[in-house]
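Enquirer: Chains as they are written, first to last, in this note's numbering: chain Z, 1 to 196; chain E, 1 to 196; chain S, 1 to 196.
Calculated from the structure, these hints are not laboratory results. Be careful, since some hints might not be right.
To be verified - Calculated cross-link-like contacts (lysine to aspartate or glutamate; reagent style EDC-like; alpha-carbon spacing at most 16 Å):
#: 1; chain 1: Z; residue 1: K191; chain 2: E; residue 2: E128
#: 2; chain 1: S; residue 1: K185; chain 2: Z; residue 2: E128
#: 3; chain 1: S; residue 1: K191; chain 2: Z; residue 2: E159
#: 4; chain 1: E; residue 1: K191; chain 2: S; residue 2: E128
#: 5; chain 1: E; residue 1: K185; chain 2: E; residue 2: D174
#: 6; chain 1: Z; residue 1: K191; chain 2: E; residue 2: D174
#: 7; chain 1: E; residue 1: K191; chain 2: S; residue 2: E107
#: 8; chain 1: Z; residue 1: K88; chain 2: Z; residue 2: E159
#: 9; chain 1: E; residue 1: K191; chain 2: S; residue 2: D174
Only a predicted model underlies this, so the values are computations on that prediction, with no experimental measurement involved.
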Amino acid sequence: MRSRFNDPTFDSTAQPLPRFGGATFALRFRIMRFLWTICWALLAAWTPSPLSPWRAWLLRRFGARIDPTAIVRSSVKIWWPGNLIMGKHASMGPGVICYNVAEITIEDFAIVSQRTHLCTGTHDVDDESFPLKSRPITIRSNAWIAAEAFVGPGVIAGEGAVLGARGVATGKLDPWMIYVGNPAKPVRNRKRPAGE
Amino acid sequence: MRSRFNDPTFDSTAQPLPRFGGATFALRFRIMRFLWTICWALLAAWTPSPLSPWRAWLLRRFGARIDPTAIVRSSVKIWWPGNLIMGKHASMGPGVICYNVAEITIEDFAIVSQRTHLCTGTHDVDDESFPLKSRPITIRSNAWIAAEAFVGPGVIAGEGAVLGARGVATGKLDPWMIYVGNPAKPVRNRKRPAGE
Amino acid sequence: MRSRFNDPTFDSTAQPLPRFGGATFALRFRIMRFLWTICWALLAAWTPSPLSPWRAWLLRRFGARIDPTAIVRSSVKIWWPGNLIMGKHASMGPGVICYNVAEITIEDFAIVSQRTHLCTGTHDVDDESFPLKSRPITIRSNAWIAAEAFVGPGVIAGEGAVLGARGVATGKLDPWMIYVGNPAKPVRNRKRPAGE
Chain Z
1 MRSRFNDPTF DSTAQPLPRF GGATFALRFR IMRFLWTICW ALLAAWTPSP LSPWRAWLLR
61 RFGARIDPTA IVRSSVKIWW PGNLIMGKHA SMGPGVICYN VAEITIEDFA IVSQRTHLCT
121 GTHDVDDESF PLKSRPITIR SNAWIAAEAF VGPGVIAGEG AVLGARGVAT GKLDPWMIYV
181 GNPAKPVRNR KRPAGE
Chain E
1 MRSRFNDPTF DSTAQPLPRF GGATFALRFR IMRFLWTICW ALLAAWTPSP LSPWRAWLLR
61 RFGARIDPTA IVRSSVKIWW PGNLIMGKHA SMGPGVICYN VAEITIEDFA IVSQRTHLCT
121 GTHDVDDESF PLKSRPITIR SNAWIAAEAF VGPGVIAGEG AVLGARGVAT GKLDPWMIYV
181 GNPAKPVRNR KRPAGE
Chain S
1 MRSRFNDPTF DSTAQPLPRF GGATFALRFR IMRFLWTICW ALLAAWTPSP LSPWRAWLLR
61 RFGARIDPTA IVRSSVKIWW PGNLIMGKHA SMGPGVICYN VAEITIEDFA IVSQRTHLCT
121 GTHDVDDESF PLKSRPITIR SNAWIAAEAF VGPGVIAGEG AVLGARGVAT GKLDPWMIYV
181 GNPAKPVRNR KRPAGE
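All chains should be modelled from the sequences, with the hints used to inform the complete structure.
Expert: Listed below in structure tokens is the structure:
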């Protein structure tokens with residue numbers, strides 16, 4: 001499943017310049033991303049909601065691993081398709097920011113609601129050169145990330161977990177548990193479907 | 001005051017498909033909403049700030065009950081005017097998202113500041129079919145919802161209540177009380193005007 | 001360093017009309033701001049990332065005091081350049097809202113990340129006329145305001161302080177301390193660079 005485009009940070013240590021506003025990624029990868037941005041703007045960003053299969057097809061051309069039944073709204077911002085994995089009926093709502101410097105996985109039937117920010121990147125605040133640090137995000141099956149939430153680097157949202165609207169998650173979310181607030185805290189269990 | 005357009009959820013139970021990314025609303029209502037979106041884009045979204053009376057007039061054509069002195073900025077996103085009620089000098093600032101799947105009422109002199117999200121819709125997380133649930137929002141007179149706040153389904157903000165910037169309210173806000181945080185918590189009383 | 005444009009609130013008390021949706025600022029200043037908005041849209045908002053020095057030059061023409069090495073992304077929204085001060089390698093990321101009704105200072109090497117809202121204005125909720133109140137914001141050197149945070153009126157972020165993603169600060173942030181949450185709370189010390 002890995003390709004040379006799946007680890008965009010590979011030579012970032014050669015240019016530890018974020019503190020000076022310098023580029024974090026290699027030129028070649030930046031060109032690839034530029035092409036991706038142009039393609040999405042021309043071929044997908046204006047397409048009506050029901051054309052999700054077309055958008056999924058386009059994402060696959062750039063390395064995404066997406067089930068044809070997955071839903072990706074036209075107004076999402078995907079940083080790099082090569083770092084995106086979506087299962088059956090997984091969905092990303094309008095205006096979602098998918099900042100996938102590291103891999104983002106959204107499993108079967110998991111829902112990421114409108115204007116949520118999935119953010120895999122941060123900086124090492126204890127290192128003077130302020131290097132980019134990235135960790136993958138995993139949203140397990142049947143989980144729901146509600147509107148305008150924030151999911152930070154390294155988060156694993158367990159199966160059926162719920163992060164309430166505007167919730168901010170930076171750690172692990174237990175399966176079938178409901179979280180709200182900033183920082184997110186558990187409030188109660190979610191009812192599991194029969195047979196689980 | 002009720003019309004057939006005031007209860008858009010009326011046949012949503014006939015198509016309980018959100019879990020599969022299906023449409024929640026009936027085709028006819030979706031066409032009405034499409035027309036509304038086009039009309040606002042063509043006739044209001046680009047209009048300068050002082051033309052608020054014109055925008056209020058346009059909203060009334062689609063079923064809104066708005067006092068002529070109410071202020072609606074051109075960059076607001078109103079889901080459906082038939083579910084909007086605004087009193088004298090009530091206002092919605094730039095970029096407010098008025099997701100009024102159920103009725104949203106903003107009473108006299110109540111202020112909803114920039115980029116706030118008034119959100120009447122959620123989903124029943126304990127029901128396997130994940131149906132849309134909606135509850136009305138009421139902002140009573142002289143209340144202030146500050147910048148970039150979030151007001152969830154069923155919230156009643158009492159007279160003169162204040163929800164601080166970025167505050168997230170999901171329950172009742174007591175009159176003349178100031179709330180901040182996510183989730184919002186009361187911090188102190190607001191001084192009432194003389195005679196109240 | 002002060003000019004007649006640095007204190008835009010000077011005659012706001014003459015028109016205490018925000019409760020009625022009236023204009024808070026004098027006509028002449030509003031014309032200046034209108035010109036500024038047009039200039040930024042025509043000459044800067046569409047410019048590519050590396051042209052930061054050009055954007056800094058343009059900001060200086062409208063009264064900003066910005067070091068040539070400072071980074072200002074083209075998608076920032078600056079309310080009024082006359083109230084902006086940025087040091088060496090200070091930066092404002094994509095989509096930052098710089099609502100500088102009062103002065104905003106971002107010192108050397110301080111970083112304000114994407115879509116953060118620096119908000120100098122609020123209203124006096126205990127005064128019936130609801131007047132605008134504004135207080136300056138200072139981000140000291142090497143501080144980091146992470147993505148989508150909110151920094152309220154009067155905040156002083158000490159040297160090297162960190163406000164985590166989506167954090168909401170309304171008071172003082174101690175130097176070399178890390179804060180997260182809404183409202184923001186200290187979580188741990190940040191490692192200081194050698195020699196500090």
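Enquirer: Checking each numbered hint in turn, tell me which of them this model violates, lowest number first.
Expert: Those not satisfied are hints 2, 3, 6, 7, 9.
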